[in-house]
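In case you want the letters, here they are:
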Amino acid sequence: MNTLLLRADNLSKLSVKKHNVAFAHFDWPDSIPHDTWWQSPDLLTPALTDKLQNYNQQELMELSRWECINSFSLNYTGELELIQEVSRILDKVKLDEAREYLFHLIDEENQHMWYFRKFCLDYAGKVYPNKKFQLEKASLTPAQDHFLVFARILIFEEVGHYFNVQNARDDRVHPFIREINQEHYRDESRHIAYGRQVLEHLAADALAEEGSDRLLAAQLDKSIAINIGALYNPAAYRDAGLQKGMQIRDALLSDPARIDFHETKLLGNFKRLMERIGIPLS
Amino acid sequence: MDTEEQKFSELCEWLRLKVKWQDSIPLELDLIENKVVNSLIFVEFLMMLEESTGLEIIIDDTLQPKVASLAAVKTHFFNQ
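Going down the list, the sequences are from chains Z and G. In terms of the working numbering, the numbers along the first sequence are unbroken and rise by one, the last being 285. In terms of the working numbering, the numbers along the second sequence are unbroken and rise by one, the last being 197.
What the hints contain is simulated information worked out from the structure, not anything from laboratory work. Take the hints with a grain of salt, since some may be wrong.
[Stated by the list, open to error] Here are some of the chain Z residues that sit facing chain G, going by a computed Cβ distance under 8 Å:
1. Pro132
2. Asn133
3. Gln137
4. Leu138
5. Lys140
6. Ala141
7. Pro145
8. Ala221
9. Lys225
10. Ile229
11. Ala238
12. Asp242
13. Gly248
14. Met249
For each residue, glycine too, the CB sits at the ideal point set by N, CA and C.
Produce the complete structure using the sequences and hints provided.
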């Protein structure tokens, strides 16, 4: 049994053993107070920058509420896209028996989607819509297409994973929100382990044609920019009562401390994996 | 309070600076077909449009013709 198959088999057994039905798992509170941390203050987009001092604690708590809703909205819309993309290639991607785990992945992501959407609607009355819009369609071989599906999923999951871990760990965050992050973290750590193995397995075919490394790198650099940019939502700034949301977004996205945070904390694992596989990201 | 016309002009100027266009972007120019915007700039353009109008822009199959040119944007989002 090869490494991918062995790992996928073990992960499938874990998913079956754990089989947690999220629909009945959580004890949903009637409301969550506004004057509490909905997200770790260390994860707020102005954190690590000198712009943080522009806001008082009440403003930051309100921002944490809307950035939590943004983060959960991204989980909902991202997981919806993930299920669509994995379903599209389910019968085509060369995974042999390791394909089995994809059924668990879709099952678990479906449950996550349900609770993230419910949270946003119950406690904020809205889900921020997906702002992804693909204008340029690259010409890809099936192997490149399949590789990119899993690579994009891994970028999305690695970013979300960091947020889950930090929020679950931070006892300043509201206990119910910590619990949701903890629950999500447990499932996502299996998905990330699987995704990394799948990418190593699919890389050889995806890189077979000359120039594939640069083509895939360009696509992934774009995906990274979209995923990072989505964390800085001007609508969330406006909902938190902060004016000129686009100016705040531009200033924070270009702040050196934030760029370093993206590179080290959010993208470090993914970029190291791509480098090992032979895809040079910028 | 900015008028609709001022807000639209500010949006056009924001896009001109973003895509480093030398003169005013012709209102009828198809921004997508002529590759004036890429996917990343387009997303920011939609965010800026939301900020200018106070509307929430939903990305669906009907959106592209409404934002293909600045003239279309003006018709669909500023002249209501």
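Hints, one by one, checked against the model:
1. Pro132: holds (5 Å)
2. Asn133: holds (6 Å)
3. Gln137: Holds, because the Cβ-Cβ distance from Gln137(Z) to chain G comes to roughly 6 Å (cut-off 8 Å).
4. Leu138: holds (5 Å)
5. Lys140: violated (10 Å)
6. Ala141: With Cβ-Cβ at 11 Å, over 8 Å, it is violated.
7. Pro145: violated (22 Å)
8. Ala221: Where the cut-off is 8 Å and the nearest Cβ of chain G is about 11 Å from Ala221(Z), the hint is violated.
9. Lys225: It holds, given that the least Cβ distance between Lys225(Z) and chain G is near 7 Å, below 8 Å.
10. Ile229: Interface hint status for Ile229(Z): holds (7 Å vs cutoff 8 Å).
11. Ala238: With a minimum Cβ separation of about 6 Å from chain G (threshold 8 Å), the hint on Ala238(Z) holds.
12. Asp242: violated (11 Å)
13. Gly248: OK, holds: Gly248(Z) within 8 Å of chain G, min 6 Å.
14. Met249: Holds. Min distance 5 Å.
The structure is inconsistent with the numbered hints 5, 6, 7, 8 and 12, although it conforms to all the rest.
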